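Fit chain B to the supplied structure of chain A, relying on the hints for placement.
Residues per chain are reported as follows:
Number of protein chains: 2
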Amino acid sequence: MIVYGRNAVREALRGPRAVARVWALARAAREPWLEAATVTVCGTAAELASLCGSEDHQGVCADVAEFSYADAPALLDRPDPLIVALDQVQDPQNLGAIARTAECAGATGLVIGERRSAEVTAAVCKASAGAVEHLPVARVRNLSDFLGEAKAQGCWCHGAAADAPTAPHAVDLTGSAVLVLGSEGKGLRPRVVASCDTLIALPLLGRIESLNVGAAAAALLYEAVRQRAPAAGT
Amino acid sequence: MIVYGRNAVREALRGPRAVARVWALARAAREPWLEAATVTVCGTAAELASLCGSEDHQGVCADVAEFSYADAPALLDRPDPLIVALDQVQDPQNLGAIARTAECAGATGLVIGERRSAEVTAAVCKASAGAVEHLPVARVRNLSDFLGEAKAQGCWCHGAAADAPTAPHAVDLTGSAVLVLGSEGKGLRPRVVASCDTLIALPLLGRIESLNVGAAAAALLYEAVRQRAPAAGT
Chain A
1 MIVYGRNAVR EALRGPRAVA RVWALARAAR EPWLEAATVT VCGTAAELAS LCGSEDHQGV
61 CADVAEFSYA DAPALLDRPD PLIVALDQVQ DPQNLGAIAR TAECAGATGL VIGERRSAEV
121 TAAVCKASAG AVEHLPVARV RNLSDFLGEA KAQGCWCHGA AADAPTAPHA VDLTGSAVLV
181 LGSEGKGLRP RVVASCDTLI ALPLLGRIES LNVGAAAAAL LYEAVRQRAP AAGT
Chain B
1 MIVYGRNAVR EALRGPRAVA RVWALARAAR EPWLEAATVT VCGTAAELAS LCGSEDHQGV
61 CADVAEFSYA DAPALLDRPD PLIVALDQVQ DPQNLGAIAR TAECAGATGL VIGERRSAEV
121 TAAVCKASAG AVEHLPVARV RNLSDFLGEA KAQGCWCHGA AADAPTAPHA VDLTGSAVLV
181 LGSEGKGLRP RVVASCDTLI ALPLLGRIES LNVGAAAAAL LYEAVRQRAP AAGT
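Each protein sequence line maps, in turn, to chains A and B.
Counting in our numbering, the first sequence runs from 1 upward without gaps.
Counting in our numbering, the second sequence runs from 1 upward without gaps.
Everything labelled a hint here was simulated from the structure, so no lab data went into it.
Accuracy of the hints is not assured; some may be wrong.
[Claimed, not checked] Covered stretches of chain B, as calculated for chain A (at least 3 residues, CB under 8 Å):
| id | region |
| --- | --- |
| 1 | 95-101 |
| 2 | 126-132 |
| 3 | 198-208 |
| 4 | 218-228 |
Because the structure is a prediction, the values reported are computed rather than measured.
Positions of the beta carbon are idealized from the N, C-alpha and C atoms, including for glycine.
Chain A extracted, bound-state conformation:
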């Protein structure tokens, strides 16, 4: 697949995927982080845009191996995993943004459903600033079944539901935890809700009805980071 954008290409070069070829505009080709790569200089931005099928290339794109999805059960085998599970989040920008935040927050991985979900496309690589090169992303046939397996392995599954009475700081996000977020507008499906141990909600203190799912993920992940930090509570 062709990935594009500076961070997306840069992290592909730093990550495990094989990179067959890099194209860049003359100016981008001189950047230090491209020094180790063999770069084909591209004459015009339009030529680059036709290569990657997007105007959003920031002067660089690369032909990389297809994205390798992680094995979901293997994520559960890690010590004290912190996993983000997304229920039918269809917007590539949101999926990419959440992947980026999850990688920054040190999450073990991201789990998405096979159907009605954005998958890891070049647009998602770009939106994630290349985070998907380092963050395991697993696809599962059925998200509720995955949450069942997670619970069987001792994970607590915390579903984000706008009308839940419990704030994230009032629950224990240390140990093995899955944070489950749904699509904006629709939220979590009933079967997914039923598969969660607890439902939590970020307080909504204004007049707007909902947070963006990416903002909610950031607030929840960094609440987990706070609780899991060695000096938490001090």
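This is chain B only, laid out in the frame that chain A set:
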């Protein structure tokens, strides 16, 4: 100005701005939240797109009064204000996303600079899901001077700087507080850094170098919400 998008138009109708006229495609015009409005039905999506200058209208747009910026000193007069100040955040999507999260988190307002900053355009209204109709947004000539005034009034100014050694939960975000965030890539300008009381950083536990500014704002704002909640720490 013409605002477009379902949430942007809906919140404009609920907020203080005068709405002169609403246009919608037939299907959108029948939605319950448009019941109280006088709606001109628009024949085609293309007609609507030419009215609002964007394809991103979701079937509805409105002619509303120009956006009224708030008075920055008045924000400081509120009891225990929680203010978000942005240093040269130029991306309308980021400004909109931060406004949305700030409104949800019950922030007192948002302060932006007059130069090299995104301002409240229709794209920002859309990206904020209409939050800018309810959240005071002030423009100041000089952000450092504003922070100086804030400190003179007893506010603590917390600057987000990726290399700061202090986590947000280790500082006191109760009382009067300004959270200062810079643009991605560039961060805070030196004079803005010098105007902050403390520098804080969300831990980066992966390989990616930085959080998106909208994700950072969400994590910081909800850490403030946690600390300011009546039952915080229990």
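Cross-check of the supplied hints:
{"no.": "1", "hint": "95-101", "verdict": "holds (count 3)"}
{"no.": "2", "hint": "126-132", "verdict": "holds (count 3)"}
{"no.": "3", "hint": "198-208", "verdict": "holds (count 7)"}
{"no.": "4", "hint": "218-228", "verdict": "holds (count 7)"}
Hint check: no violations occur; every hint is consistent with the structure.
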